[in-house]
Amino acid sequence: MDNWASPASSLWPSSETAHAHSVDILFFGLLASSLCVLVLLFFLLLRFAIHYREGNARADRDHRIKKSWQLETAWTAATFVAFLGLFVWGARLYLNLSGPPANAEIIYIVAKQWMWKVQHLGGQREINELHIPINRPVRLIMSSEDVIHSFFVPEFRVKHDVLPGTSEEIWFNARKAGVFHLFCAEYCGTDHSRMLGRIVAMREPEFEQWLGHQDTTGTMGAQGKALFIRLGCSGCHGGNGTVRAPVLDGLYGKRVPLSDGTFRIVDERYLRDSILKPRAEIAAGYEPLMPSYEGKISEDEIVKIVAYLKSLGGKDTQP
Amino acid sequence: MRQQHDVAQLGMWVFLATEVLFFGGLILSYCVYRSAYPAAFAEAARHTKIIIGAANTAVLLTSSFLVAWAVAIVKLRQSRFAAVLLWGAGVLGVIFLVLKGIEYGMEYDEHLLPGLDFFYPGEQARAVGLFFSFYIVATGLHAIHVAVGIVVLGVIGARARQRAYSDAYHSPVTVAGLYWHFVDMVWIFLFALIYLPGRSG
Amino acid sequence: MSAPRNYLTEDNRLRSWFFTTDHKRVAVLYFASITLFFFIGGAAATLIRLELINPQGHLVTSDVYNRLFTLHGVIMVWFFLIPSIPNTIGNFIVPLMIGARDLAFPRLNLASWYLFMAGGLTTLYAMFAGGVDTGWTFYTPFSTMYSNGYVVLAVTGVFIAGFSSILTGLNFIVTIHRLRVPGLTWYRLPLFLWSLYATSVILVLATPVLAMTLLLVALDRAFGIGIFDPARGGDPLLFQHLFWFYSHPAVYIMILPGMGVVSELIAVYSRKEVFGYKFVAWSAIAIAGVGFFVWGHHMFVSGQSPFAGLVFSFMSFIVAVPSAIKVFNWTATMHKGWIRYDAPMLYALGFIGLFTMGGLTGLFLACLAYDVYVTDTYFVVAHFHYIMVGGMVTAYFGGLHYWWPKITGRLYPEYWARAAAILIFFGFNMTFFPQFILGIEGMPRRYHVYPPEFQVWHVLSSAGASILAVAYALPLFYLGWSLFFGARAGANPWQATGLEWQTTSPPPKHNFEGTPIVKRKPYDFTVKGKARAQNA
Numbered sequence: 001m002d003n004w005a006s007p008a009s010s011l012w013p014s015s016e017t018a019h020a021h022s023v024d025i026l027f028f029g030l031l032a033s034s035l036c037v038l039v040l041l042f043f044l045l046l047r048f049a050i051h052y053r054e055g056n057a058r059a060d061r062d063h064r065i066k067k068s069w070q071l072e073t074a075w076t077a078a079t080f081v082a083f084l085g086l087f088v089w090g091a092r093l094y095l096n097l098s099g100p101p102a103n104a105e106i107i108y109i110v111a112k113q114w115m116w117k118v119q120h121l122g123g124q125r126e127i128n129e130l131h132i133p134i135n136r137p138v139r140l141i142m143s144s145e146d147v148i149h150s151f152f153v154p155e156f157r158v159k160h161d162v163l164p165g166t167s168e169e170i171w172f173n174a175r176k177a178g179v180f181h182l183f184c185a186e187y188c189g190t191d192h193s194r195m196l197g198r199i200v201a202m203r204e205p206e207f208e209q210w211l212g213h214q215d216t217t218g219t220m221g222a223q224g225k226a227l228f229i230r231l232g233c234s235g236c237h238g239g240n241g242t243v244r245a246p247v248l249d250g251l252y253g254k255r256v257p258l259s260d261g262t263f264r265i266v267d268e269r270y271l272r273d274s275i276l277k278p279r280a281e282i283a284a285g286y287e288p289l290m291p292s293y294e295g296k297i298s299e300d301e302i303v304k305i306v307a308y309l310k311s312l313g314g315k316d317t318q319p
Numbered sequence: 001m002r003q004q005h006d007v008a009q010l011g012m013w014v015f016l017a018t019e020v021l022f023f024g025g026l027i028l029s030y031c032v033y034r035s036a037y038p039a040a041f042a043e044a045a046r047h048t049k050i051i052i053g054a055a056n057t058a059v060l061l062t063s064s065f066l067v068a069w070a071v072a073i074v075k076l077r078q079s080r081f082a083a084v085l086l087w088g089a090g091v092l093g094v095i096f097l098v099l100k101g102i103e104y105g106m107e108y109d110e111h112l113l114p115g116l117d118f119f120y121p122g123e124q125a126r127a128v129g130l131f132f133s134f135y136i137v138a139t140g141l142h143a144i145h146v147a148v149g150i151v152v153l154g155v156i157g158a159r160a161r162q163r164a165y166s167d168a169y170h171s172p173v174t175v176a177g178l179y180w181h182f183v184d185m186v187w188i189f190l191f192a193l194i195y196l197p198g199r200s201g
Numbered sequence: 001m002s003a004p005r006n007y008l009t010e011d012n013r014l015r016s017w018f019f020t021t022d023h024k025r026v027a028v029l030y031f032a033s034i035t036l037f038f039f040i041g042g043a044a045a046t047l048i049r050l051e052l053i054n055p056q057g058h059l060v061t062s063d064v065y066n067r068l069f070t071l072h073g074v075i076m077v078w079f080f081l082i083p084s085i086p087n088t089i090g091n092f093i094v095p096l097m098i099g100a101r102d103l104a105f106p107r108l109n110l111a112s113w114y115l116f117m118a119g120g121l122t123t124l125y126a127m128f129a130g131g132v133d134t135g136w137t138f139y140t141p142f143s144t145m146y147s148n149g150y151v152v153l154a155v156t157g158v159f160i161a162g163f164s165s166i167l168t169g170l171n172f173i174v175t176i177h178r179l180r181v182p183g184l185t186w187y188r189l190p191l192f193l194w195s196l197y198a199t200s201v202i203l204v205l206a207t208p209v210l211a212m213t214l215l216l217v218a219l220d221r222a223f224g225i226g227i228f229d230p231a232r233g234g235d236p237l238l239f240q241h242l243f244w245f246y247s248h249p250a251v252y253i254m255i256l257p258g259m260g261v262v263s264e265l266i267a268v269y270s271r272k273e274v275f276g277y278k279f280v281a282w283s284a285i286a287i288a289g290v291g292f293f294v295w296g297h298h299m300f301v302s303g304q305s306p307f308a309g310l311v312f313s314f315m316s317f318i319v320a321v322p323s324a325i326k327v328f329n330w331t332a333t334m335h336k337g338w339i340r341y342d343a344p345m346l347y348a349l350g351f352i353g354l355f356t357m358g359g360l361t362g363l364f365l366a367c368l369a370y371d372v373y374v375t376d377t378y379f380v381v382a383h384f385h386y387i388m389v390g391g392m393v394t395a396y397f398g399g400l401h402y403w404w405p406k407i408t409g410r411l412y413p414e415y416w417a418r419a420a421a422i423l424i425f426f427g428f429n430m431t432f433f434p435q436f437i438l439g440i441e442g443m444p445r446r447y448h449v450y451p452p453e454f455q456v457w458h459v460l461s462s463a464g465a466s467i468l469a470v471a472y473a474l475p476l477f478y479l480g481w482s483l484f485f486g487a488r489a490g491a492n493p494w495q496a497t498g499l500e501w502q503t504t505s506p507p508p509k510h511n512f513e514g515t516p517i518v519k520r521k522p523y524d525f526t527v528k529g530k531a532r533a534q535n536a
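Residue numbers (our numbering), protein chains in the order written: chain A, 1 to 319; chain B, 1 to 201; chain C, 1 to 536.
One or more of the hints may lead you astray.
[As the list claims (entries may be wrong)] Coverage of chain A stretches by chain C, computed from C-beta distances (three or more under 8 Å per stretch; other residues unrestricted): (1) 14–28; (2) 159–168; (3) 183–195; (4) 217–224.
[What the hints assert, rightly or not] Listed next, with one range per pair, are the computed distances between beta-carbon atoms: (5) C:G490 to A:C36: 43 to 51 Å; (6) C:Y125 to A:F263: 51 to 59 Å; (7) A:T73 to B:S166: 52 to 60 Å; (8) B:V84 to A:G261: 54 to 62 Å; (9) C:R101 to B:A55: 47 to 55 Å; (10) C:K530 to B:S166: 49 to 57 Å; (11) C:R107 to A:T73: 41 to 49 Å; (12) B:R80 to C:R101: 33 to 41 Å; (13) C:Y125 to B:G140: 22 to 30 Å; (14) A:G261 to C:V60: 55 to 63 Å; (15) A:F263 to C:P306: 18 to 26 Å; (16) A:P257 to C:S305: 18 to 26 Å; (17) C:P306 to A:T73: 27 to 35 Å; (18) C:A491 to B:Q3: 22 to 30 Å.
[As the list claims (entries may be wrong)] Below, simulated DSS-like cross-link-like pairs (lysine-lysine); rule was C-alpha separation at most 30 Å, straight line: (19) C:K509 to A:K66; (20) A:K67 to C:K336; (21) C:K521 to C:K278; (22) A:K112 to C:K278; (23) C:K336 to C:K521; (24) A:K67 to C:K530; (25) A:K67 to C:K519; (26) C:K278 to C:K509; (27) A:K66 to C:K519; (28) C:K521 to A:K67; (29) C:K509 to C:K336; (30) C:K278 to A:K66; (31) C:K530 to C:K519; (32) C:K509 to A:K67.
Hint data in this document are derived by calculation from the structure and do not stem from the laboratory.
Cβ coordinates follow ideal geometry from the N, Cα and C atoms, glycine included.
Chain A with its partners taken away, still in its complex shape:
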């Protein structure tokens, strides 16, 4: 249970990425604005409660203002402007989280009750530990085998839910080596509070060395290719089947037309849905013949096949 190192924390976890540092500054901005309001308010409440108490008959109660639309407008406008500022600040920082850089190291995460399974593209596997390089963006593609979990790294100030049946992404760029907490942050059953992990950030050379030392049964792409054949995909998509099926080489990242006239970008979601719900989006010019693999393929197998398909070339692929 107690399987990670406790950082020497002051009042809160160290900020280990540029994003985390920005979030801390945002926190101080929020704190400062809140304290301004709170101090002003408490001061006024205390002052009025004491100076205008019933026992103090000498306080000046003449010339009362009954109502004042000027005052109302002023404090409403001030509040609104302050809120607008905070909204924009938070929104801009948040939008940074949506765009992982192109050169990110991709790692697959599969969550299940009550552990984190990690798969590197080279086939290296980990349980409840995630080794990452520093000073290079890391992009996690996450899915769940069962219920909703949530991947939370306090030191990176990032969190994202991990869902069954679909993949979600999170990215970060650690700035220095160290060991950081991984928590599950979405209640998921009995051992939710024991679903802990360690993020092990290493300098590039040590990371490569670590990768090289792991036992693998082939890269994710190679394992995916084996599954592609074993599960019968190559029978239609292999190029010499009797059934006419879309060519998958170079497909990843392309914009493809569908039979209903709309277009889709071939991304992680499209590939996953094509395997599980093939009739939902039918490629233009093809018959809806592909059987669904829903219930016949595990989450681990899906991520491997998707990794293999990505390796077949196309835009924005990794070997």
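Fit chains B and C to the given chain A structure using the hints.
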């Protein structure tokens, strides 16, 4: 009396607002899945019994007409005739339920009702199952509302026969009428969403 | 000296209580019920705080712990907070405040209590027969497919209690629209009624969506229809949208009545009309309206689109503006007033302080990038306890003390009441402020065991909880004592202006002798602080 009439009417309108939100949540969920699985929902909708559905629509519309007539006529102090109209509407409501029951029976035999021995050949089984889940929940809830309405019409009709209502006091009839019209309206929406997809062209 | 004939002494047979249509007796029935539920939910909280003293937990297993926090949330939200002010103080005071003899639909009012009890007993049975371990939020697919608790029974209990909410809201809306006495225009209504009206709109429009959501969860779990199961084409996120579409407005159900009470208390105990009456009145309506458009702020990290996140974050900042307006106006009311420190005023001041702290932390959560860090941590737990407990429960106690003489005909012991109010304030802060720190330190919520570096804050929090427990028990004793031994109250012990104070304490069954005619606006105090009753 005027104030009591206003109070009762406002109360019924507020209650109908809650019903709109209740069915609305369900219809929203239906729309979400229909946009996710358009082909499957269209295919599933073709398995609904449109003849029975259309007949039921006609039945309910007619019953609403009778109720509206009853509300008007009660203000003209023809309370006993209003009773006939209200009971007529109630009988039509019973016919609606009977037809619905026959329809459910047919669908049960065809293994189309999820949770009750559902089986559907082919790839679209899961989405078709979702469609029929909505079908049974929505029409089942609607049928419960119709049943309650039949009882209400029966009771109000009985009191109308005893000349309890007149131009001075008719709010129970108006209020019951509002409820029945609402139940009818919900059916129109359900009919369009359940029976009509996949049947045009 | 015995009391004159009033609604309490009218008829003493048990039957007259359980078949009553008198809104005042229905209110008393609700008082008893919600007090029971408060202590059951509080017992769960006590066990939770005892368990969390230790990082590894020694008192209960994880499965029991998960059932405890679920029980605490379900009971406190649906069987204490939501009915608290509306069904107790509201039921009692609303007809009196508008000069009416009863609510628009007295029998529906009684029906709502029976539905509440039926729902409550069903849920309690589910909790004690084996419990539910999903959290009060029942997220799918855990609740529909993986939980091995009494999920269907628990959601059925909440479903039944929902009808009680709907009937109450319906009754209040129609009553406030149609049963006001002559001269009582909308802008002469006490602000408590504006707040209850706004609350009632939410009760009526939001609760049915919860009903449908829970129905679908029960059907999914019982018949496996797969509406929320990805393996069968369903979408677990649809549950979250449907659930929060109700549950966010629900939190406004759990604060607006408190704000209404505070408006009354600040006016009376400053002997001055509420500053910016129209702004305070319409801000309640604004909160109710805008509150329907912010639900996605519970889902910023759920997988909903970033664009949706932007919209919901923006709307969440907007909805905070009317609350700020209220706080500024209450403060301005006290300026040049004649401030008294009676217990209800201490509660009102406590509300303003604690609600403001809770509300400001809501800004942290509305702020997208910061929410990503602190959502699903103790920061959120602290935030909502500051608002719901520091705010609403404090206001409930303030209102309870303020209207106690009217409801019971007795005065409560003032010094005990002040002591309890102050103890509650300190106990509350000691319990929940450390939880903000836990949140910014990264401790997730709903954790049975936790890393040892979080322990110091948990110990502080549990110590505070022990003080809070004593503080909440105190009123039970001295209010109970006052029922038998308290001094008898006159019609208007606080010299307030509302119509409810222009009849005896306790009121007769039919509320007023004759129909009051309203001649002036509420809170009409002279510069010297002398009250002018609304019908004078």
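So, going through the hints one by one against the coordinates:
no.	hint	verdict
1	14–28	holds (count 4)
2	159–168	holds (count 8)
3	183–195	holds (count 12)
4	217–224	violated (count 0)
5	C:G490 to A:C36: 43 to 51 Å	holds, 45 Å
6	C:Y125 to A:F263: 51 to 59 Å	holds, 54 Å
7	A:T73 to B:S166: 52 to 60 Å	holds, 55 Å
8	B:V84 to A:G261: 54 to 62 Å	holds, 56 Å
9	C:R101 to B:A55: 47 to 55 Å	holds, 49 Å
10	C:K530 to B:S166: 49 to 57 Å	holds, 52 Å
11	C:R107 to A:T73: 41 to 49 Å	holds, 47 Å
12	B:R80 to C:R101: 33 to 41 Å	holds, 35 Å
13	C:Y125 to B:G140: 22 to 30 Å	holds, 26 Å
14	A:G261 to C:V60: 55 to 63 Å	holds, 58 Å
15	A:F263 to C:P306: 18 to 26 Å	holds, 21 Å
16	A:P257 to C:S305: 18 to 26 Å	holds, 23 Å
17	C:P306 to A:T73: 27 to 35 Å	holds, 34 Å
18	C:A491 to B:Q3: 22 to 30 Å	holds, 28 Å
19	C:K509 to A:K66	violated, 38 Å
20	A:K67 to C:K336	holds, 13 Å
21	C:K521 to C:K278	holds, 12 Å
22	A:K112 to C:K278	violated, 54 Å
23	C:K336 to C:K521	holds, 20 Å
24	A:K67 to C:K530	holds, 20 Å
25	A:K67 to C:K519	holds, 21 Å
26	C:K278 to C:K509	violated, 33 Å
27	A:K66 to C:K519	holds, 19 Å
28	C:K521 to A:K67	holds, 14 Å
29	C:K509 to C:K336	violated, 39 Å
30	C:K278 to A:K66	holds, 12 Å
31	C:K530 to C:K519	holds, 17 Å
32	C:K509 to A:K67	violated, 39 Å
Consistency with the previously given hints fails for numbers 4, 19, 22, 26, 29, 32, ordered from lowest to highest.
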